[in-house]
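Undergrad: Could you slot chains B and C onto chain A? The hints should help.
Chains as they are written, first to last, in my numbering: chain A, 1 to 328; chain B, 1 to 328; chain C, 1 to 328.
No lab work stands behind these hints, which were simulated from the structure alone.
No experiment lies behind these values; they were computed from the predicted model shown.
All C-beta atoms, glycine included, are put in the ideal place defined by N, C-alpha and C.
Lysine-lysine pairs mimicking BS3-like chemistry, simulated, CA-CA at most 30 Å apart:
#	chain 1	residue 1	chain 2	residue 2
1	C	Lys303	B	Lys116
2	B	Lys303	B	Lys116
3	A	Lys116	A	Lys68
4	C	Lys303	A	Lys68
5	C	Lys68	C	Lys303
6	B	Lys303	C	Lys68
To spell it out: a stretch of chain B is covered by chain C in this simulated footprint if at least three of its residues, at any positions, have a beta carbon under 8 Å from a beta carbon of chain C; those stretches are:
#	stretch
7	153-163
8	220-229
9	277-290
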Amino acid sequence: MRFIDINLRGAGQVMFMNNPLTGLLILIAIFVGAIDASMTQVAIGAVVGLVIGTATAIVLGVDDASLKQGLFGFSPLLTGAAIPTFVANKPMTWVYLDIGAAVTTVVTLAIGNIFKTWGVPALTFPFVLTTWFLLLGAYQLYRIHNRSLGPAGLPAFATAATAHVDMSASYVVTSMLRGVSQVFLIGNWVSGIIILIALAVNSRWASALAAAGTIVATLLALAFGANGSSINAGLYGFSAVLTAVALGCVFYQPSAGVLLYALIGTVFTLFVQAALNTALAPVGIPTLTAPFVLVTWLFLLPKRDFTPTPHHERTSGGVMSHSPDASA
Amino acid sequence: MRFIDINLRGAGQVMFMNNPLTGLLILIAIFVGAIDASMTQVAIGAVVGLVIGTATAIVLGVDDASLKQGLFGFSPLLTGAAIPTFVANKPMTWVYLDIGAAVTTVVTLAIGNIFKTWGVPALTFPFVLTTWFLLLGAYQLYRIHNRSLGPAGLPAFATAATAHVDMSASYVVTSMLRGVSQVFLIGNWVSGIIILIALAVNSRWASALAAAGTIVATLLALAFGANGSSINAGLYGFSAVLTAVALGCVFYQPSAGVLLYALIGTVFTLFVQAALNTALAPVGIPTLTAPFVLVTWLFLLPKRDFTPTPHHERTSGGVMSHSPDASA
Amino acid sequence: MRFIDINLRGAGQVMFMNNPLTGLLILIAIFVGAIDASMTQVAIGAVVGLVIGTATAIVLGVDDASLKQGLFGFSPLLTGAAIPTFVANKPMTWVYLDIGAAVTTVVTLAIGNIFKTWGVPALTFPFVLTTWFLLLGAYQLYRIHNRSLGPAGLPAFATAATAHVDMSASYVVTSMLRGVSQVFLIGNWVSGIIILIALAVNSRWASALAAAGTIVATLLALAFGANGSSINAGLYGFSAVLTAVALGCVFYQPSAGVLLYALIGTVFTLFVQAALNTALAPVGIPTLTAPFVLVTWLFLLPKRDFTPTPHHERTSGGVMSHSPDASA
Numbered sequence: 001m002r003f004i005d006i007n008l009r010g011a012g013q014v015m016f017m018n019n020p021l022t023g024l025l026i027l028i029a030i031f032v033g034a035i036d037a038s039m040t041q042v043a044i045g046a047v048v049g050l051v052i053g054t055a056t057a058i059v060l061g062v063d064d065a066s067l068k069q070g071l072f073g074f075s076p077l078l079t080g081a082a083i084p085t086f087v088a089n090k091p092m093t094w095v096y097l098d099i100g101a102a103v104t105t106v107v108t109l110a111i112g113n114i115f116k117t118w119g120v121p122a123l124t125f126p127f128v129l130t131t132w133f134l135l136l137g138a139y140q141l142y143r144i145h146n147r148s149l150g151p152a153g154l155p156a157f158a159t160a161a162t163a164h165v166d167m168s169a170s171y172v173v174t175s176m177l178r179g180v181s182q183v184f185l186i187g188n189w190v191s192g193i194i195i196l197i198a199l200a201v202n203s204r205w206a207s208a209l210a211a212a213g214t215i216v217a218t219l220l221a222l223a224f225g226a227n228g229s230s231i232n233a234g235l236y237g238f239s240a241v242l243t244a245v246a247l248g249c250v251f252y253q254p255s256a257g258v259l260l261y262a263l264i265g266t267v268f269t270l271f272v273q274a275a276l277n278t279a280l281a282p283v284g285i286p287t288l289t290a291p292f293v294l295v296t297w298l299f300l301l302p303k304r305d306f307t308p309t310p311h312h313e314r315t316s317g318g319v320m321s322h323s324p325d326a327s328a
Numbered sequence: 001m002r003f004i005d006i007n008l009r010g011a012g013q014v015m016f017m018n019n020p021l022t023g024l025l026i027l028i029a030i031f032v033g034a035i036d037a038s039m040t041q042v043a044i045g046a047v048v049g050l051v052i053g054t055a056t057a058i059v060l061g062v063d064d065a066s067l068k069q070g071l072f073g074f075s076p077l078l079t080g081a082a083i084p085t086f087v088a089n090k091p092m093t094w095v096y097l098d099i100g101a102a103v104t105t106v107v108t109l110a111i112g113n114i115f116k117t118w119g120v121p122a123l124t125f126p127f128v129l130t131t132w133f134l135l136l137g138a139y140q141l142y143r144i145h146n147r148s149l150g151p152a153g154l155p156a157f158a159t160a161a162t163a164h165v166d167m168s169a170s171y172v173v174t175s176m177l178r179g180v181s182q183v184f185l186i187g188n189w190v191s192g193i194i195i196l197i198a199l200a201v202n203s204r205w206a207s208a209l210a211a212a213g214t215i216v217a218t219l220l221a222l223a224f225g226a227n228g229s230s231i232n233a234g235l236y237g238f239s240a241v242l243t244a245v246a247l248g249c250v251f252y253q254p255s256a257g258v259l260l261y262a263l264i265g266t267v268f269t270l271f272v273q274a275a276l277n278t279a280l281a282p283v284g285i286p287t288l289t290a291p292f293v294l295v296t297w298l299f300l301l302p303k304r305d306f307t308p309t310p311h312h313e314r315t316s317g318g319v320m321s322h323s324p325d326a327s328a
Numbered sequence: 001m002r003f004i005d006i007n008l009r010g011a012g013q014v015m016f017m018n019n020p021l022t023g024l025l026i027l028i029a030i031f032v033g034a035i036d037a038s039m040t041q042v043a044i045g046a047v048v049g050l051v052i053g054t055a056t057a058i059v060l061g062v063d064d065a066s067l068k069q070g071l072f073g074f075s076p077l078l079t080g081a082a083i084p085t086f087v088a089n090k091p092m093t094w095v096y097l098d099i100g101a102a103v104t105t106v107v108t109l110a111i112g113n114i115f116k117t118w119g120v121p122a123l124t125f126p127f128v129l130t131t132w133f134l135l136l137g138a139y140q141l142y143r144i145h146n147r148s149l150g151p152a153g154l155p156a157f158a159t160a161a162t163a164h165v166d167m168s169a170s171y172v173v174t175s176m177l178r179g180v181s182q183v184f185l186i187g188n189w190v191s192g193i194i195i196l197i198a199l200a201v202n203s204r205w206a207s208a209l210a211a212a213g214t215i216v217a218t219l220l221a222l223a224f225g226a227n228g229s230s231i232n233a234g235l236y237g238f239s240a241v242l243t244a245v246a247l248g249c250v251f252y253q254p255s256a257g258v259l260l261y262a263l264i265g266t267v268f269t270l271f272v273q274a275a276l277n278t279a280l281a282p283v284g285i286p287t288l289t290a291p292f293v294l295v296t297w298l299f300l301l302p303k304r305d306f307t308p309t310p311h312h313e314r315t316s317g318g319v320m321s322h323s324p325d326a327s328a
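Chain A extracted, bound-state conformation:
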């Protein structure tokens, strides 16, 4: 039972929620979206990654307080969801995924120790780094078959054709909801609604900020003329959702100033999303949540400069410590 509780909290911690019910609803959202897309292996991969990652943390004897909060589950969950999303569902894929999920826990400890130096958490970077290695490696390994990676290509400037979108209201709203679900590599607007509910169970601020993040990012992506089919798939929303929640109510306390700061961070996340789409084109891999990680790090690192007294120091002593500061 304790192991299940830790794993459910691990699912919730992808969105910074230390709450097993939130985690359960998130897992349901993942299954709904994966089954609907006939990609059940993505949901199974997520659960396998979550369990292997958490078990690896237990075997390695990590800090118990962090473990109990699910801080060793969320990155391996994402590694486990990402591999079957981009790589074909074959036996060797699951060997690859299992090793990858275990290594994600080692990387969680490693990156956590580096960023502890500046009082900043590793966020989902252990997932991003490990999965980038696995996806780049897939190109060279004949027994790992491609599903939706690449083709690698040189970046070219956007055109009226790439920026074309259908501007109906239903298009825009479902794109925004898919932006929420894409945090978990799921492009399904029903899943997006379930995730917003899952957040509200634990923190109404988090739910509201997630919604605000995808609204701002989607509207801005339309205004700047980003790729229409990417917007529709929710691919311009998910990193912005995470940045909005992280900066707006998790690592800072919500206030007028903080919300403005989080808004600027959310807008910049959109630009970094576009930037990494360009930067990774020649190597044929997706950005994953790197835009969120990079912008949130850049906006958290100045914390000590504008908060003269550390108003809410983490006490868990864990490597990640990203439990929410605020719940409504």
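TA: Just chains B and C now, with coordinates in the frame of chain A:
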């Protein structure tokens, strides 16, 4: 008046000069070069970036000593000059530039906090990082139009044709002077002379080392057969100029040993300039001042190893603290 | 004599062995392989790099204890071997190599100071970083001629043809031995045997783990269908060899748990080797030992989490401190 003083010092700090007159002369040099090239928007962008970056620092309530020295102005100034250099002069460009300049100040705090761990300043890396994001992002955003980026391409080995140069004395001298002005993304030898004068106003060492840096880099680029038109445009000079000044008289005290060390750093900056030209070719963005930043970091980080007692610890407590140690 | 002793230890330290006889045998292995391939300049480059790097460290007045252990020799040795491996043997190449070897020592101090923050050594990253700069730079410099770099290209997925291998026993065994020798950029199975003997002179654990590392990596590369000619050249083995030795007996004490941990690290090194092959394809440079460095860092950084009391703190105070903890 105080705000203007801070901004002028900010312009001077691109070259490590905490001096408003140096900053004023530098702004004049930027306007001279930009107007001569019918690119007045570059000079306007520089001023807009400088003012927005400094104002953002004030709003965020940064360390006052660093603010007064102009340490929050120089990176946004460069962001503001770079955007209209590479991106077409349209309304959305200015929205992009304004957000970018404000974010450059956040990034200045972030990078400053990281590198403070090792007693090393952020240099112009906040400009480089923020502007790389904005230029990479421009490829994906239809409302941001290209001016002089790319095309992205796979690197190929230099040939006799690419290395061809006109070896007249006037060619070589004006190339060297453009190397100085390219610190500010200006390719104009008159601007180069004004900038050398601007430096001499505050530090004859800095002015002499800037001249030496561009002379060494240009001659070496010719000797190794670097791209002839890049040499002519000053693009092999500007990072070397900054390295020579930084290592030769700002972060170390000038001496025979330090000048030799700075010379090796300047030579290696040329190689890193060539390296980053290759590395960034497939993503179609310029190196900006990254060669200077990387080499100067690598040559400053060993400081504690060969200076047994820290001979001149910064006392400002600021994030950047790169006021010159030496002025003649 | 003391200078020669330091240099021989420097050669041994590529494999973490603080032993002049090990270093001498390694140099013999390098000469055997280089002469056999009619590439004597690679062995000469290795010696020149070793001597220049060590001499630069003496001139800079580095920490004496680290110097005596050869910790400033091994990265420049590799820089010196790599340049003539990838760049044609012309006069300017040796200017390039000499400056590169000296700078490698500066970079050794710089990277050492950064990673000291987390109690982790710089490993061969100073070699990797400096040599990457020099090889990328070679593309732009007409007087530095290509030998075996590139061509740069976009990554494509492996096929049955690329994965094809001749599965004879002699093929597999010689591939494994070339995996050992490729640590020094030498593809020669006799050199591989000499290096295993050189390790055994100082530490039977190190020799056994090096052999285990190349066996695991080669078999796994075959199982996953990596490029057949790369496997045959030993290019999937060398980083795994270094990871196995580093994690298995140098930075952790050998035990059942540590050997399992080192095994996972070695397996992941294979995936990272494949990943960096993909990532560096568009810029046309080799991975060098980066897969070993990245994985070993990631697997050493959690050390403090699972070793409650630091069981063997380095006392040398040096920047690298990677003398072996265990010798049989």
